[in-house]
Each structure stands twice: as structure tokens, then as C-alpha cells.
Amino acid sequence: MTHALRPALALLAVIALTATGCSPTAMPEFDRVQVPADRPEVVVESSEDVVDAASLRYIGAAEGYDIYLARGAEDDGVLCLSLVRDGGWDSTSCGLHGVSVGIRPGVAIATSSDRLGGEMREMITDSVWIARK
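Here the sequence shown is numbered in this note's numbering, starting from 1 and rising by one per residue.
Read the hints as simulated data drawn from the structure, not as lab findings. Check each hint, because a few of them may be wrong.
In silico SDA-like pairs for lysine to any residue, Cα to Cα no more than 25 Å straight-line [what the hints assert, rightly or not]: (1) 133 with 90; (2) 133 with 85; (3) 133 with 95.
Quick caveat, the model's predicted, so the values are computed rather than measured.
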């Protein structure tokens, strides 16, 4: 193989991995355009140094919380969950490729780019679920 082809093949491999969803944050929730409901000021103000506000997406309501998914501010391999309760910010937690936020003993809201885990899951979206142990 010539040296000139190696960079082109490497680029094709990256494109193929990204196109097939092998990117660490290839999650369907980020495929849609952000709308105003995805970006509540209470989350943006409380988590501005932690999350990439342009990536915030409203996931849905569960267990008394409004749930938002975002990428990390400094690393798009970091996933964050922000929880809002009664219109007020409750918490934002982040982790590399996934995060789980305990909301009461034995119950957590979780996400992961690899979607692995053995707990009982109640799916909220394709990539976010309620985990019960």
C-alpha cells in the first residue's frame, strides 16, 4: 500500500464508524433539531460550565422529573442528565459515555452510549431509561 493511500483509508474508516453509529455519542436523541422546549433557562443557567447548551434535548417526564440529555461542555463523549422538578433545577450529573442519577433508593434515571447494563429498565427514549434494582 502506498503512503498516499493511508490517510485516505483512515478518513474512510472514521466516516464509516461515525455513519454506522459507533461514535461514543451516536444517540438518536441528538439527531433532531433543538427546539425551545429542549433548552430551559433553569438548566442552562445552573449547568452552563458542565453541559453544551446547544446539545440539550428534552427527553420526557418520569418519576416527577422533567429529564434533559446533553453532551459535556468540554468533551462530546461525556453524557449529562439534568433533572428539573416543579420548574426548578434539581441536578445535573455527567459521565464519560453514560451516567446514572439516583432519584431514590433502588431507582435511577440512566443513559449510556453503549446501552449495556443488567438492571430492570423502563425505557423513556431509545437511550434514556429508569433503572430499578
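Okay, the hints, checked on the actual structure:
For the given pair, residue 133 sits about 22 Å from residue 90 by alpha-carbon distance, which is consistent with the 25 Å threshold. Between residue 133 and residue 85 the CA atoms are separated by roughly 23 Å; this keeps the pair inside 25 Å, and the hint holds. Restraint check: the Cα-Cα separation between residue 133 and residue 95 comes to about 20 Å, which is no more than 25 Å; the hinted pair holds.
When the structure is compared with the earlier hints, no violation turns up for any of them.
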